[in-house]
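A.B. asks: Here are the chains, one letter per residue:
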Amino acid sequence: MAEKSGADILVECLVDLGVEVVFGYPGGAVLPIYDALYNHPTIRHVLVRHEQGATHMAEGYARSTGKPGVVLVTSGPGATNAVTGITDALLDSIPMIVITGQVPTQLIGTDAFQEADTVGITRHCSKHNYLVKDPAKLAGVVHEAFHIATTGRPGPVVVDIPKNVQIATAPYARPELKVHASYRPQTKADAAAIDAAVEMLAAAERPVLYTGGGVINSGPQASALLRELAALTGAPVTSTLMGLGAFPASSDQWLGMLGMHGTYEANWAMNQADLILCIGARFDDRVTGRLDAFAPNSRKIHIDIDRSSINKTVDVDLAVVADVGSALDDMIALWKQRGHQQQDLSDWWSRIAQWRAKRSLSYPDTGPEIMPQRAIADLYQACRSTGKDVIITTEVGQHQMWAAQHFGFEAPNKWLTSGGLGTMGYGFPAAIGAQMGNPESITICIAGDASIQMNIQELGTATQYRLPVKIFILNNEYMGMVRQWQELTYESRYSNSYSDSLPDFVKLGEAYGWTGIRIEGPDDLESGIRQMLETPGPVIVDCRVAKLSNCFPMIPSGAAHTDMLLDPNQIAGIMSDEAKALV
Amino acid sequence: MHIQEELSQRHVLSLTVSNEAGILARIAGLFTARGYNIDSLTVADITDDHAISRITIVTSGPPKVIDQIIAQLDRLVPVHKVTDLTDAGPFVERELALVKVAGTGEDRIEALRLADVFRAKVVDTTIESFIFELTGTTEKVDNFVALMRQIGLVEVGRTGVVGLMRGKEAV
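Those protein sequence lines, which keep their order, are chains F and C. Taking the working numbering, I'd label the letters of the first sequence as residues 184 to 766. Taking the working numbering, I'd label the letters of the second sequence as residues 386 to 556.
With the rest of the complex left out, here is chain C (with noise of 0.2 Å):
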């Protein structure tokens, strides 16, 4: 006998929260109970009296699984709201990256050029390194990363993906 997986599909989920103690870990943990993904989560408090935070969550799974997620997560008593962004309507989302890179001559020419392509920012430098500064998609991090593993990647430094609805409207 093999233990057989369904076809997945990546969300983007956006949730506003109660900012209280423990609310991470009922969120985190309630994904690790109920044998759900995470492949990024980000929070930070989002209102002058930092009493709501943004948690967003980027996931995977079978259009079924994703809908039992939203509704897990929407019965926690301190979650506000949950959009599924990915559903809901054209969106932005980013990411930050920060990525090291070091070598020499050519190499570190390179690296520079590809800096320039991809409108990364050089915030540390050495004379065998640097550090760049990179936000965007996680498809366009990705790309960036496995470019510069080939010059000379060190190490790198995501925040995970925040998003917004796209036009006037909050979600």
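In isolation and in its complexed conformation, chain F is listed as follows (with noise of 0.2 Å):
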């Protein structure tokens, strides 16, 4: 058998798996790898400016495509900067493979130059990961990292790869997959599961699905599923913000996003249900406030991939332990299999028609600035004009929140943010990736002035790889979120949220060769929009937005979803020290 370098034989696995997009940054311990790459005719490299934005990129890259990801960077600070991404693609549960260069075998151990305990640092922030010492064993672990980066409950797979064994040859042939017998997610659930929801959800008289990120990523067909079961049901819909494309926003049965800054609906409707249906959703501190008040009298059905996820913080009533769109597509058939009918749910929608009628995402629109609000609304308005795919990703914040509630989205995989870790920064590069996935969309990233900074090197590589990505960021000169914590909180002591010294952001983008815009007022708002969709190329968007608006309604950490503000009259400013104690 041939004999192939460890770096050979790593791009040939990436071509037999269909890798088509690396996102790297090359150093010393990763140099045979990126020779084996020199002028490859099928894997397109994307150099970065920082390894945190190749993850985030693999990131946006994933959840847009549905394929797994790709991030190449070096040892040492090389795999410390991806951390952070990799971090993030746990807590989402976004499929990636990172592939980190090592110091040769010999010096392992020896604190030699950037050198990191990779496999260390990595263990609780990725699904797995590997150090592979004998390039005769490398081709088995890359396959068998992709298989379980993609399947199960996703998430990153970090692969550590010593220089020498890069060098070092082996045979090759390409690898059964061979993996851990051990390794065994469930899919499909039990029938005796099955029947009991089918059960529970014909009888219940007033019921809610709420549903997460897992419907995403179980694929378009799952997102299929989901809206037939909520026509079968005629039962109301909500989403966590991970969530949102699963089911169109524009439905009559739509309810808008939970949780602690969802809408007065979907938390009364939670509140006030019989019988929760969770799909795909892991019951988390954002969406249920406080545990004691969450949901006090429904009955609860969870469907999830993931058997931990069950009882972790909410207890239950009957769990299906399988992927979302298997248990959907079962749970449909039995039910039309049976002849269930609708229930009469006209009581229940009457008395969500009341809770809508609060209109609890309004917002006061008639000073001289623009509301951040209303900046959300016109991009939509705007992206929906156009008639072209629109990919919107965000960083993290307030503007995070307003884009989640006043942007509508349709379908699945075109709404990237970071959901779990709450990682400021993810957005931009995760636009980036999102436009390498699907170079014909609209790829806007909204962000705030602050969480921008924290990736904006990454201008460069829109730049070299002539990407036309969007950024508009709603500029409030605060890192907002932490600004309206303070003065719910801290009786408005605003430490160290203030964004000075800021760059001018026009100026800023055209130094890399982008198109800038400033948006000063409401007169400008929707030509400054229009001139963003319009222009070819990667634009940057400077929208001066209300400098102290705050993002409503909003359920204050430690409270029940009964106990919703509404609007910024509710304000104590002031909070006891258990609620000061959450996040």
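The hints are simulated quantities; they were obtained by calculation from the structure and are not laboratory data. The structure displayed is predicted, hence computed values, not measured ones. It is possible that part of the hints are untrue.
[What the hints assert, rightly or not] Where chain C lies over chain F, by a calculated footprint (3+ residues, C-beta under 8 Å): (1) 299 to 309; (2) 363 to 369; (3) 734 to 741; (4) 753 to 766.
Beta carbons are placed, not taken as given, at the ideal position from N, Cα and C, and that holds for glycine.
Starting from two chains that each stand alone, build the complex the way the hints lay out.
C.D. replies: Here you go:
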């Protein structure tokens, strides 16, 4: 059998596994792999400006295409810079393979130049990781790494390859996939659980479908099945931040997002429901609020591919351990087979109509400044009128919540945001990754003035690869969400939340060869957005918005769904120590 | 404001795992990262080809936390099976202790007498000391050590618990 170097084996594996794009940054311990990628005919390498950017690009690519994202970085600082993105992918269940260079095996443990204990550091922020010390084992590991990253509950997998293993040779033939015998995610639900779930759903008088990122991760088919189940049952649908787009925002059955900044109707429906069907969500603290007051009178069914998500925070009455798509398929089939009809939900819907009448997402919009909510709503309308496919990414903070509230999503994989880890600096590189995977789509990063600066260096990456991404900054000169919490909790002592010394974003963009647009006031808003969408190539928009706007509705930390704040007059400016201690 | 803790129960968990680099760190790290307790942890390979190890963990927590611990362990890629021996039915648990006791005269005779009661073996002796080897449940070892402390305990080494289900079946 022909022998190949470890670096060539790796690249061969990537080709066999269908990898088209690698996001990376070279360095001493990955030079052999970079040489094997030199002028490669099928694998495109995107040179980032910082390794964290590479990980978020891979996440954006993965979320928008459904294919795993691939990252290639060097040892030591290359690997440690990737840790935030690896953790982000773990918390949001994003399939990602991170290949890290390592110092040669004989130097491991000697504090060699650019040595870090990469498998040690990433052990608890990855789904699995490997240190490959033998080139003969490399192909098997890479194939298994892709399998583990993309099956079951998806997640990041790290493959650490010492430099001498990249150079040493071994016999190579395309390996049979050999996976740990112990790795066996349950994707098909137990029939008894499906049976019980269908009967509970059919008997419910006040049902709510509470959906999450698991629906998106399960693939477009799962979103289609969710729509079918909603149509069959007539039940209202709400979603976590991660699940937006799985169910169309234009549907009459859509309640909007739930949780801390969710709608009044979504949170009250959860509170008053008699049955909650949780589909690929995980009762996160942002969703539940105060646990002992969460959906107190409901029975709960939880569909999740990860057994450890069940009963982690909220005790459920029925667990359905399965892939969401598979479980929904089984439930729909059984529902039809049993000839179940919709319950009369008219009382339930009339109660929901009363909650909707609160118009909890409304905001005052008469002043001389642009309200940030207005900016998002106008951006949404302008995007719709293009008739093109639009992908939205966000950074983390107020702008993220306003985007989730005021931008309507109709399809999965169009909304990319850092939910679990809440990583500022995620959105812009994620937009670059999404644009790489979807060259025909309009890709827009909705950002804040603070978080855009966390990976601003990637302006150069978009320029280099001629990626026409758009950045839409809601510039209020504050870390708005931090400032909002300080207003609520610390009597408006704005400790370090003012964005001092902001750059001129227009000039900054122009310095990188971008088009820069500034929107100063309401009169410029519509034309500025139109100009952004019509300009070919990358555009950065500095949209000046009202500085002290707060994001409502809001369930303060430690409060119940029924204790929502709807407007600024309800802010007391001070909280108990118990509430302060919660995140 | 004060931090409150829930009542906890002791559980003996038995795991079979692939015998590969980092597996112990993966498991120990899971316990620290998620704030679970480890009272003892033992590990050794148990197959001819050294491919599989058994890890026995004694932990404690409220029932819901124990359930989470099992689910979290079970989803680690190299973990084959997790059995909660405490829940699964009657089981045998043992640990081994080496107990060094020093003294002369009546203390020395009393130490030997107690060792006999506990069926501990003398595995080393000098004119002024013994090392006893004792096997038994954690409670038995605790009791023996407590008695020896009154006589002249020098130091103790304990293996931590290993356990197996009773009956002819494997877990």
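A.B. asks: Would you mind marking each hint as holding or not holding in the structure?
C.D. replies: Do the hints match the structure? See the list:
Three residues within the 8 Å Cβ limit are the bar, and the segment 299 to 309 of chain F against chain C gives 4, so the coverage statement holds. Under a criterion of three residues with beta carbons nearer than 8 Å to beta carbons of chain C, the stated coverage of the segment 363 to 369 of chain F is upheld, 4 such residues being counted. Under the rule that three or more residues need a Cβ within less than 8 Å of chain C, the assignment of the segment 734 to 741 of chain F is violated, with 0 such residues. Coverage of a stretch by a chain is defined here by at least three residues with a beta carbon nearer than 8 Å to that chain's beta carbons; for the segment 753 to 766 of chain F and chain C the count is 3, and the condition holds.
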